[in-house]
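Q: Spelled out from the first residue to the last, the chains are:
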Amino acid sequence: MTSSSSSKKQAQDPPETSEPTLKSLRTKMTKSDEKKKLKDIEISVPLVYGNIAFWLGKKASEYQSHKWTVYVRGATNEDISVVIKKVVFQLHSSFNNPTRVIEEPPFEVSESGWGEFEIAITLHFHSDVCDKPLSLYHHLKLYPEDESGPLTMKKPVVVEHYDEIVFPDPSESFLARVQNHPALTFPRLPSGYNLPAPMQVDDNGKKKRGDTKDHSMGQWFTSFSEADELLQLAAARQQVQAHIAKLRRQISLLEGQNQTVKTGSDP
Amino acid sequence: MGGTDAKDILGLPKTPLSLTQEKKSRPQKESHRKPDGISREVYALTGGVAPLMPSIDVTHLKRPPPPDEKVAWQWLPVKSSARKDDLQLYHWVRVVNDVPPTGDYSFAKYNKSVDVLKYTDDEYENHLTDPVWTKEETDQLFELCERFDLRFTVIADRFPLSRTLEELKDRYYSVTRALLRARAQSPAELANHPLIKEPYDMTRDRERKRALSMVLSQSRHQEKKDAEILAEAKRITEMRLAARRAAEPDVPANENIGSVSPSSNSQLPATAVAPSTLTMADYASTLASLRMLHVYLRTYGLEQMVQAASSAVGLRTIKRVEQTLQDLGVNLKPKVPTKTVCDEHLELRKEILTLLNLQKQLQYKESEGSSHREGTYGAMPDTPKDRVFASEPFGFGAERPIKKEPKRKGPGRQSDTPSPAHKRPRKLKASDL
Chain D
1 MTSSSSSKKQ
11 AQDPPETSEP
21 TLKSLRTKMT
31 KSDEKKKLKD
41 IEISVPLVYG
51 NIAFWLGKKA
61 SEYQSHKWTV
71 YVRGATNEDI
81 SVVIKKVVFQ
91 LHSSFNNPTR
101 VIEEPPFEVS
111 ESGWGEFEIA
121 ITLHFHSDVC
131 DKPLSLYHHL
141 KLYPEDESGP
151 LTMKKPVVVE
161 HYDEIVFPDP
171 SESFLARVQN
181 HPALTFPRLP
191 SGYNLPAPMQ
201 VDDNGKKKRG
211 DTKDHSMGQW
221 FTSFSEADEL
231 LQLAAARQQV
241 QAHIAKLRRQ
251 ISLLEGQNQT
261 VKTGSDP
Chain Y
1 MGGTDAKDIL
11 GLPKTPLSLT
21 QEKKSRPQKE
31 SHRKPDGISR
41 EVYALTGGVA
51 PLMPSIDVTH
61 LKRPPPPDEK
71 VAWQWLPVKS
81 SARKDDLQLY
91 HWVRVVNDVP
101 PTGDYSFAKY
111 NKSVDVLKYT
121 DDEYENHLTD
131 PVWTKEETDQ
141 LFELCERFDL
151 RFTVIADRFP
161 LSRTLEELKD
171 RYYSVTRALL
181 RARAQSPAEL
191 ANHPLIKEPY
201 DMTRDRERKR
211 ALSMVLSQSR
221 HQEKKDAEIL
231 AEAKRITEMR
241 LAARRAAEPD
251 VPANENIGSV
261 SPSSNSQLPA
271 TAVAPSTLTM
281 ADYASTLASL
291 RMLHVYLRTY
301 GLEQMVQAAS
311 SAVGLRTIKR
321 VEQTLQDLGV
331 NLKPKVPTKT
341 VCDEHLELRK
351 EILTLLNLQK
361 QLQYKESEGS
371 SHREGTYGAM
381 PDTPKDRVFA
391 SEPFGFGAER
401 PIKKEPKRKG
411 PGRQSDTPSP
421 AHKRPRKLKA
431 SDL
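Residue numbers (full-length UniProt numbering), protein chains in the order written: chain D, 1 to 267; chain Y, 1 to 433.
Excised from the complex, chain D in its bound form:
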């Protein structure tokens, strides 16, 4: 196709004039960057955040009808405190001390109340990970979707969202510290690249477990799997690609026709 070939040409042309300056810039850059960061390597931490809300039933009062917990956890219930230093939950201003700072896993806040509102969840990372905090927003859900059904004390309302924190250019010290940790997906390093061995942290029983595998409400946690979505996407792509091929055939046919018609109609 003309567009692709000419775009290739264009991609080649500018570097001819700017290449020398780019190269010299690059050599300058890599010298200083070599030590600190690698390119095209990202670390991602799969998270699940959301809330679980129990109706208090008989014990419910007008202002305390539900007992809820809003939390952030690792998607596979691993300990995310390896990356996260603290989590700040900003609750509705009607709560006492609406800014709740949780500095240890499990990163969650449990409260009782009656209203649904948006909670700002700010993740603060360790200093070698990232200086900037990252914010998530979660709408607290207390009442079930199906409004007609009776409220039950036994089954809570659970709303969870899956997302991943992406660190597009992790520092070497970060990489070294977290290699082999189950809470995150570690990238494949370029061949020959060796990380220093992580410092052995002696935590036999000294540190509390940070994972949520045995969480008291673990039975309500959703298990997120990418398999279904991938399947869906693959099927969709296949269909679209088949359709594209068909259209291309039709277009080339038409092009051929138009040419013959045109030459035929020339006086």
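If you're looking for bench data, these hints aren't it; they were derived computationally from the structure. These numbers were taken from a predicted model, which means no experiment stands behind them. Honestly, I wouldn't trust all of these hints.
[To be verified] Subject to a maximum C-alpha distance of 16 angstroms in a straight line, what follows is the list of computed EDC-like cross-link-like pairs (lysine to aspartate or glutamate): (1) Lys339/Y / Glu103/D; (2) Lys85/D / Glu103/D; (3) Lys339/Y / Asp131/D; (4) Lys333/Y / Glu226/D; (5) Lys85/D / Glu42/D; (6) Lys339/Y / Asp228/D; (7) Lys169/Y / Asp226/Y; (8) Lys333/Y / Asp228/D; (9) Lys335/Y / Glu160/D; (10) Lys335/Y / Asp228/D.
The hints should help you fit chain Y onto chain D, whose structure is shown.
A: For chain Y alone, kept in the frame of chain D given last:
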């Protein structure tokens, strides 16, 4: 003037902004008046505008010479501190009241020279030896440097052995640096010396010169292409901004992609390139801006990339993409946004965009084809509401009734179709796939 009469009638002030107007007009007027002291014609030579810095104090020009001063010009011998020899020179000197002017020759202060360091043999032995350079060469180099005030082009020309200018520079600067370091009492006082702070880099200099010569030797054609590319880039960024701010009809953008038919105007070949380069540039810049964040949520990243993909197209196309996704049974926002899922999702969106473009292309081709045949009639293109995968039983075995689309006849189209493979345009259905 009629204007003032009308204002009188209405009772408005004649010059509503009288104060500010006056102030405004005054500085303007001043620039139009020629300054006194020089004639009008001479003033016009300067372009009718006063020089930025008054070179001559105007009041000096028409002043008669003060009566008590007696000015004579004499041919006198002159001494200049700039000359080191004893050569006696003479020139005309303005003598006032028989007193010749005092002080040094007024131009002597411009006799600057470069401070080229001189090294002793010991210093050479200790610090300055180099595998490539002999002492004689270095001595010669330094002598030339002093003689020609570090004008390296001249030095390079005169240097007896064949060395490139960059090599000479490199040698001179590294020797001087080494000397400075060796002679300095403490490293601190050197820290601000320009030669230490920014050392000469021979390779960088070469590259810079090569780049310059390439730019200089660019052919006219190359220059035109570069200008075109820059204009494209500018247009693209503007398009992106505009598309983000308001809904645009997607017809112009999609038109550009396909049609290379003979009837297209000359503009198209250039703009046909635009969408592909546009999206690549968009993705690259989005990725770069994501990197700058140092941390972001994958859903946010996907959103940005989707926006980049849709930046070149109008709102209508975006809606169509979303409709297609829904028809295919794909979540508009992935429920489990892992890296793979997000990448696949983005690719799917891109493919749908390509699909929609091809559809448009097909429509235009068909309308062109029929217009060639008929001359006066044009075929009616499909209504914009055609849905590619409309109510199709896609997904995982969901059973849904297939809607039968009514077959439409364009005016007088089908009768003389030579090729049986060319079906009439109708809404594409699942059965076609």
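Q: Run every hint past the structure and note whether it holds.
A: Hints, verified against the model:
no. : hint                : in the structure
1   : Lys339/Y / Glu103/D : violated, 28 angstroms
2   : Lys85/D / Glu103/D  : holds, 6 angstroms
3   : Lys339/Y / Asp131/D : violated, 23 angstroms
4   : Lys333/Y / Glu226/D : holds, 13 angstroms
5   : Lys85/D / Glu42/D   : violated, 19 angstroms
6   : Lys339/Y / Asp228/D : holds, 14 angstroms
7   : Lys169/Y / Asp226/Y : violated, 34 angstroms
8   : Lys333/Y / Asp228/D : holds, 14 angstroms
9   : Lys335/Y / Glu160/D : holds, 10 angstroms
10  : Lys335/Y / Asp228/D : holds, 10 angstroms
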